[in-house]
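A.B. asks: Chain A is already provided as a structure; the job is to place chains B and C on it using the hints.
Those sequence lines, one after another, are chains A, B and C. Final position of the first sequence in our numbering is 309; the numbers increase by one with none missing. Final position of the second sequence in our numbering is 253; the numbers increase by one with none missing. Final position of the third sequence in our numbering is 328; the numbers increase by one with none missing.
Read the hints as simulated data drawn from the structure, not as lab findings. Keep in mind that a hint or two might mislead.
Non-contacting residues of chain C with respect to chain B, defined by C-beta distances greater than 10 Å in every case (computed) [unchecked claim]:
(1) Ala4
(2) Ala18
(3) Lys127
(4) Asp135
(5) Val177
(6) Pro185
(7) Leu188
(8) Tyr202
(9) Ile213
(10) Met279
(11) Val312
With beta-carbon atoms standing in for the labels, derived distance ranges [unchecked claim]:
(12) C:Ser280 with A:Pro281: 34 to 44 Å
(13) C:Ala14 with B:Leu87: 46 to 56 Å
(14) C:Gly136 with A:Arg132: 17 to 27 Å
(15) C:Thr282 with B:Ser117: 45 to 55 Å
(16) C:Asp276 with A:Pro281: 31 to 41 Å
Heads up, the beta-carbon is just placed ideally off N, CA and C, and yes, glycines get one too.
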Amino acid sequence: MRTGTSRSERLDPFSLVISFLDILLGGVFHAAVLFLVAAGLQLVFGVQKIINLACGSFYALGAYTGISAVTWALAHGLPRGLFLFALIGAGLGLAVVGPPVEALLRTVYRRDEAFQLLLTFALVLIIEDVLRMIWGANPQELGNLYMHYGTVGKGALTVPAYNLLVIAAALLVAVGLGLFLKRTRFGRLLRATAEDRETSATLGVEVGRVYTVVFTLGTVLGTLGGALVVPTAAASLDMSVDLVVEAFAVVVIGGLGSIRGAVVGALAVGLMRAFAVSFMPEMEMLSIYLVVIAVLILRPAGLFGKAAA
Amino acid sequence: MPTLIETHDVSKSYGNFRALSGVTLAVATDEFVSIVGHNGAGKTTLVNVLTGLLRPTSGTVTFKGLDVAGVGPVRLARLGMARAFQLVHIFPGLTVRQTLATAVVSQTGKAFHLLASLDGDAQVRSQVEVVARLFGFEQLDLEARSLSQGAKKLLDVASAFALRPEVILLDEPTSGVSTADKHQIMRVLVDAAKEFGVRAIIQIEHDMDLVSEYSDRVIAMHQGQVLADRTPAEFFGDRELVATVVGKRRARE
Amino acid sequence: MKAAVWVGLGALAALAAAPLVLEPYPLTLLLQFFAYGLALLGLNLLFGYTGLLSFGQALFVALGAYSAAVCTRKLGWHSFELVLGVAVVVAVVVAVPIGLLCVRYVSIFFGMLTLAFGMLFHSFLFKFYLVTGGDGGMLVERPSLFGMRFAEMDKTMFLTRPFYWYALGLLAVGTVVMWRIVHSPFGLHLSAIRENARKAEYLGVEVRRLRLIAFVIASAFAAVGGTLLGVRTGLADPELAYWTHSGNLIFMTLLGGFSNFAGPLVGAGVFIFLQDSLMSFTQYWRLVLGVVLVVIVVLFPRGLVGLAQSLVARLLRRRRDAHAHRNA
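With the rest of the complex left out, here is chain A (with noise of 0.2 Å):
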């Protein structure tokens, strides 16, 4: 997406801005991703105070599952322009892995968290062999297909039409999960329960259900993060680890259990591993560690979260 100009190319003030806004935008997509998975992330730790070492492989399952939604869709005569709602509805489908996982880590819950931890390890290490098991080992991928929206702007900037698409639809999710905690019934029910489980329970909150809906939730967005952003990139089983680093640092720096820190900290980091990639790529994930523990030590708490240490 980005033309690979060297710096004495980049002199003229024009075209220093339009690389400025194609890194900006490539990173805007990134974040798009991150945020999906990341909000997932926040959804599950600030409800359950669970944190979901396998985000990334829901996120790999997604990826693949996606792949293989829109070939089957498209050999069964999906017509090519409607392939983002296979996507959407393999991401959505997956929803179905939530409860069975929900219910395995609930036998851990009273415990020490080291335990709920090694238990989304161990996912971790399972969800990998079923992908190898049902994709192989080699990355998938959909080839060009998206670009089949296009592409939006002129001359030296042009952005594919999908990439708009999915952070629309990122920015879609954020508000409809914002308005979804603050003005419903559910929602207000999710945010009592994760201020105090005790008095919820003994409320009338049927809070085993509610666990199950919000990890249902959670997994949800990061099966459809990792769909969405697949036909831009290659689905790899190395995604599943690589992306619970990235998934974390948003986290860290959004602060634990934030919707508005997990948009935050997408932006922060997708736009971080952006520009880094384009002036200093050796610095390209370092530079996000270095963020992610300045953010532990000097606001642990992240920009948004609650109380620390």
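C.D. replies: Coordinates of chains B and C only, in the frame set by chain A:
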């Protein structure tokens, strides 16, 4: 008698709420002080300030002449002050012996002995056994979590004593204990204090019988202020004072 | 305690005799076990005894391996004693500032911070290929043991005889040292911190300082393990620092049972042999390991050693009850 703890005009506010105002008091050697007052009067806040857990909004707190505002529990233990809480704190998976040994290790300065044998340490062993004997613990190898609630509480207090502090602060040491046992515990406390060279005891206590029988001094707290600082006889002689501080239901007739 | 000493000596004798009986391949697996055993002894001090779950121990394992590589390959220092010294010093130097930062936080935040540092190092190893060799890693040359080069031996011979016994010796020494640490007054204070850090403070336990020391000791043990790994494979690889490697270390600890001295050693051994057998069996060995981890976490949280202990306890109780019944 040399002063051990002193506060001067201490106030503590949380926003608009004044938990303590203008508290000035001094505790000297050989004093057994009881702090009384009903809930919310500021007793726990005062003890928190005295033990360096809370920094006063204004005023000073000194221990043996050193400023201990907000100093924190570890430093305080080092300086010679120990504390036991109303809510029982134990080390669930450690045995009685290990719990007491933790305090003894701190007190004998052995925490950084990485390669020395703990079991083979006669000094630690004997000190643990002295404390255990005094507080009536016979089975030292039981896990703390398996003890009865009363025994857990006693262990908590015993471990504070095992630090051989100069001053010990107890938050309702006999709460949750049957009346018959209360006196026994108080006697144990007084004996332990003598045995370990504890120079002053400060307790928060609601049981007025215990207060009158064992304390030298009663500090009555009310709405964040020290309403009275008298001997038990003087305190209980003043019926109105008692009623204000304690509530009519519990005032002695 | 006496029983434990006999078991330990017995195991040591059996392991020492192994090269006379076993094929080279299982011996190299045992080498791996020695390396991970050391790393896990350290991790268990931090996790099992002090209660700090670090998701970045792999950082120090990698540091050990890369120290070995830099010393032997870049600096020409082949004395393994020197390499060990360098690895420990490097680990300590890195662990102190990281530890100072991390021990202020507990549970999740500690885990996240250590994970971030671990990945920071991984990123550095991966990207700065001019310095670190990038994803190709850095070669580790054969070291000399107590001055002896064993030049006449081929690689396999070296690894399965002199180096094997050296590594076994290191593990034995490490085990004894860790045993002493765990049973010292320091060890007691660590356990107190794990059980109830707040109460520990009130009993005069210097929580932060002790956590830092535990962290540094754990890092040193991990680094020594890393040097052994580096020599064994002849390569220091950035993937040694990846977060899933830290995850595996914790897996091993849990498999054996933490807060239990022998647990991590048992866990390392079982994990390595299990992984190896599974790998030759199926390409989906991760799945099996994942399921094993689930079973352990849900059903046997005290690990294999904990399970063995409760089985033995039950057996003893049944024998005692039968005895009482008979005598009634």
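A.B. asks: Now look at each hint and say whether the structure bears it out.
C.D. replies: Here is how each hint holds up against the structure:
no. : hint                               : result
1   : Ala4                               : holds, 13 Å
2   : Ala18                              : holds, 30 Å
3   : Lys127                             : holds, 38 Å
4   : Asp135                             : holds, 39 Å
5   : Val177                             : violated, 7 Å
6   : Pro185                             : violated, 4 Å
7   : Leu188                             : violated, 6 Å
8   : Tyr202                             : violated, 5 Å
9   : Ile213                             : violated, 8 Å
10  : Met279                             : holds, 37 Å
11  : Val312                             : holds, 18 Å
12  : C:Ser280 with A:Pro281: 34 to 44 Å : holds, 39 Å
13  : C:Ala14 with B:Leu87: 46 to 56 Å   : holds, 51 Å
14  : C:Gly136 with A:Arg132: 17 to 27 Å : holds, 25 Å
15  : C:Thr282 with B:Ser117: 45 to 55 Å : holds, 47 Å
16  : C:Asp276 with A:Pro281: 31 to 41 Å : holds, 37 Å
The structure is inconsistent with the numbered hints 5, 6, 7, 8, 9, although it conforms to all the rest.
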